[in-house]
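Novice: In case you want the letters, here they are:
Number of protein chains: 2
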Amino acid sequence: MRENQTPVESCSCDVIHQNVVDRVKPLMPKEEALYDLAELFKVFGDTTRIRILWALDASEMCVCDIAFLLNMTQSAISHQLRVLKQAQLVRGRKDGKIVFYSLEDEHVRQIFDQGLVHIHEM
Amino acid sequence: MRENQTPVESCSCDVIHQNVVDRVKPLMPKEEALYDLAELFKVFGDTTRIRILWALDASEMCVCDIAFLLNMTQSAISHQLRVLKQAQLVRGRKDGKIVFYSLEDEHVRQIFDQGLVHIHEM
DNA sequence: ATTATATATGAACACATGTTCACATGAGCC
DNA sequence: GGCTCATGTGAACATGTGTTCATATATAAT
Chain A
1 MRENQTPVES
11 CSCDVIHQNV
21 VDRVKPLMPK
31 EEALYDLAEL
41 FKVFGDTTRI
51 RILWALDASE
61 MCVCDIAFLL
71 NMTQSAISHQ
81 LRVLKQAQLV
91 RGRKDGKIVF
101 YSLEDEHVRQ
111 IFDQGLVHIH
121 EM
Chain B
1 MRENQTPVES
11 CSCDVIHQNV
21 VDRVKPLMPK
31 EEALYDLAEL
41 FKVFGDTTRI
51 RILWALDASE
61 MCVCDIAFLL
71 NMTQSAISHQ
81 LRVLKQAQLV
91 RGRKDGKIVF
101 YSLEDEHVRQ
111 IFDQGLVHIH
121 EM
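Protein chains in written order, with my numbering: chain A, 1 to 122; chain B, 1 to 122.
Think of the hints as simulated: they come from the structure by calculation, not from any bench.
Some clues are possibly wrong.
Treat identical chains as interchangeable: a pair holds within one or across any two.
Derived PhoX-like pairs (lysine-lysine); straight-line CA-CA distance at most 25 Å [to be verified]:
{"no.": "1", "residue 1": "25", "residue 2": "97"}
{"no.": "2", "residue 1": "25", "residue 2": "94"}
{"no.": "3", "residue 1": "42", "residue 2": "85"}
{"no.": "4", "residue 1": "30", "residue 2": "97"}
{"no.": "5", "residue 1": "42", "residue 2": "30"}
{"no.": "6", "residue 1": "85", "residue 2": "97"}
{"no.": "7", "residue 1": "42", "residue 2": "94"}
Computed from a predicted structure; not experimentally measured.
Let's have the full structure, built from the sequences with the hints guiding it.
Specialist: Next up, the structure:
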């Protein structure tokens, strides 16, 4: 019985460098970590969410402020804030009718910075 | 004449904190930078591409090796490699019939690490 | 209570995206 | 040349995603 490998390989060509594959295979992280990583970056992969995060990095803001700042509907912002909240990137603080959103931690800024380094904007 | 602001605001609610908006607005980067940033993270936002990048971080590999390692078709890998190449994350080195791919630079690893820090995998 | 306002949310829609399939390209080999 | 193999690519398809619209919820004000 194999452990966690599907028996049928769907690659349509011969393996050229079996030694390379054998060396890299054990270095691959478990599927779950890679999935979580992709899910996180997926959240960053939208202009609206990037703009929200950038704005919140400057200041705590309520939904209405963000919508006005970004010139978008309150509904659209609210939907995206939910995505950001689920990814634990932002946090909501309720004060009466108003909900003030802010960044959950400082990782956001650091991830931004690494991205900016790559696109030569830093 | 306004500069770069659309005249009609699509926010459906009143602005609560005009001072906050006025303070944050000039801190927002230009639209292009935010777009590029989102595009970059979008590339990272897919499990297949993450796996390819991780594999290439371990070793230079040809298309066929990657396909075999990840148990996917050569075509799927080839399509994704094109996306990664366009984002300047990987580079191809042709040697006869075989094309060896490797990471373009070390930014990939750093972006990965920041992501892993956030999801508490590091 | 009634009304107004800030936010949340479900459904619908248009659009983007990843994989597959079939086939093209291009390089070595006979 | 003709053949084989590694890779690239366009079209089709199913699935995922972001916004809008209508409406629900919750809190404050009257």
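Novice: Is it within, between, both or neither when you check residue 42 against residue 30 at 25 Å Cα-Cα?
Specialist: both (19 Å within a copy, 22 Å between copies)
Novice: Is it within, between, both, or neither for residue 42 and residue 94, if the alpha carbons may be no more than 25 Å apart?
Specialist: neither (27 Å within a copy, 31 Å between copies)
Novice: Classify it for me, residue 30 with residue 97: is the Cα-Cα distance of at most 25 Å met within a copy, between copies, both or neither?
Specialist: Answer is neither; intra-copy 43 Å and inter-copy 32 Å both fail.
Novice: Up to 25 Å between alpha-carbons, please classify residue 25 paired with residue 94: within, between, both or neither.
Specialist: between (48 Å within a copy, 23 Å between copies)
Novice: Measure nothing new, just compare the shortest in-copy and cross-copy C-alpha distances for residue 42 and residue 85 to 25 Å and report within, between, both or neither.
Specialist: So residue 42 and residue 85 pass the 25 Å test inside a copy (14 Å) and across (19 Å) alike.
Novice: Should residue 25 paired with residue 97 be assigned to within, between, both, or neither, using CA atoms and 25 Å as the limit?
Specialist: This pair counts as between: shortest inter-copy Cα distance 24 Å, intra-copy 53 Å.
Novice: Treating 25 Å as the Cα threshold, decide for residue 85 and residue 97: within, between, both or neither.
Specialist: within (19 Å within a copy, 48 Å between copies)
Hints 4, 7 from the earlier list are contradicted by this structure; the remaining hints agree with it.
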